[in-house]
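Student: Residue numbers (this note's numbering), protein chains in the order written: chain A, 5 to 145; chain B, 19 to 284.
Hints in this document: simulated from the structure, not taken from any laboratory. We put the beta carbon where it would ideally sit given N, CA and C, even for glycine. Just so you know, not all the hints are guaranteed correct.
Straight-line C-alpha distance at most 30 Å; calculated DSS-like pairs for lysine-lysine [to be verified]: (1) B:K168 <-> B:K207; (2) B:K168 <-> A:K15; (3) B:K183 <-> B:K168; (4) B:K132 <-> B:K183; (5) B:K130 <-> B:K207; (6) B:K148 <-> B:K132; (7) B:K168 <-> B:K130; (8) B:K132 <-> A:K105; (9) B:K254 <-> B:K148; (10) B:K168 <-> B:K58; (11) A:K119 <-> A:K15; (12) B:K254 <-> A:K105; (13) B:K275 <-> B:K254; (14) A:K118 <-> B:K168; (15) B:K254 <-> A:K119; (16) B:K148 <-> B:K275; (17) A:K15 <-> B:K130; (18) B:K132 <-> B:K168; (19) A:K105 <-> B:K168; (20) B:K183 <-> A:K118; (21) B:K183 <-> B:K130; (22) A:K118 <-> B:K254; (23) B:K130 <-> B:K254; (24) B:K207 <-> A:K105; (25) B:K254 <-> B:K207; (26) A:K119 <-> B:K168; (27) A:K15 <-> B:K31; (28) B:K183 <-> A:K15; (29) B:K132 <-> B:K207; (30) A:K105 <-> B:K130; (31) B:K31 <-> B:K58.
These stretches of chain A come out as covered by chain B in the derived footprint (C-beta under 8 Å, 3 or more residues) [as the list claims (entries may be wrong)]: (32) 10 to 22; (33) 103 to 109.
Each chain, letter by letter, is given below.
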Amino acid sequence: MRRYNNRLWVKGWIYGGNYGIERYLYTLHRISGLGLILYLLMHIYVTAARIYGAAAWEQTMAFLYGPAFKLGEYLLIAGAIFHAANGLWLIIIELGMCIGKPQRQEYPYVPSVKKQRPLMVALMLLAAVLIIVSGLDFFII
Amino acid sequence: MATFRIQRYNPEKDTRPYLQTYEVPVERGMSILDCLFYIKENLDATLSFRASCRMGICGSCAMYINGLPRLACETQVESLRTDTIEIRPLPNYEIIKDLVVDLSPLFDKHQKVKPWIISSDAVEVDRPTKEYSQSPAQLEGYLQFAYCLKCGICLAACPTVATDKEFLGPQALAQAFRYSSDNRDNGFKERISVVDTLHGLWRCHMAGACAEVCPKGVDPALAIQLMKRKAIFGHKEEQARLLEALLEATPIPGIPKAPEPTVKKK
Ligand code: SF4
Ligand code: FES
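With the hints as extra help, turn the sequences into a complete structure.
Tutor: Shown next, in the form of structure tokens:
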């Protein structure tokens, strides 16, 4: 008999729907991670210009001096800060800290993901402050 | 009156699922499951869905209701606070017909983590010399996870399951922790070799969706993180058992002897 495959695939991890903030952080963590990998590849490619001599290097550097690259660089640093803060949060959670202990459920049940929320909020605030400060450093000061 | 938009799919006729609309006279106290029965009895007998206990204990009526996977019998129409209700089958499974999905991947994954008490002492299992004692505190360490219905809702919510077919999923990983944290069990090593793998524990990145939607408060997200902790730091209970054996060998003076075992050794 024919079946209809209802697996959500990529839409299933990108779209956070009605779930909590942590569900959205999951998506952002992956996107920022992929962004960092992409940057690393471009970085290796660009710095490889050095082996073609000083002139080639100067030329690439001049090309990279435009505002688009400055914005890209800022996005990179913002992504890295978020990825680091969220990674720190994941390490704490995965060591079983701040998520509560097994217990008899009392309804309405408060799940672990709600119990750890203060930790998540604190780390995300830290990330936000760092992203704003680096923005000031980048564009204003 | 409430408008129900229900996803239909008949494998014999349709190539793709489509939505069909029904009007149901909703009364106070009616659950989504009551409405589905109303439709089946009065409006359209061809509508297929699965249900049995209608009291949140069999786990067969899980479906995707207004943007979240839930048990139809445990969802009051009133609690949705809207007159248009959209019901779809659980995502991340294969649809057999209408709202009926094939849960066998869930059961297969559940089985993979060896969800039973594994004892290292085969002779003791065969001819027990004493009871397996368990204190209330030890019971509480896993009881919460033992309430799992195998409804499959958590796999429908999990973003990792959505892209990784092989991922064991919140239900099975939670059960790996449930049995490994039972003080009667000795199967930690066997289970960790199943869950500490490429498509196991570490594919979970704490999206928390499973814990939010689980209708029984099983909190798979909590169990998975605690299992990761065990994978990193080792298994506490096993160490405790070694300690127990040590204490047993040298009785402390002044402490009364344990009562005679109720089952005699042959
Ligand atoms: S853990 Fe909860 S949501 Fe998942 S199968 Fe068990 S009862 Fe259902
Ligand atoms: S009918 Fe049994 S859980 Fe809903």
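Student: Give me the numbers of the hints this structure contradicts, sorted from smallest to largest.
Tutor: Per hint list: zero violations.
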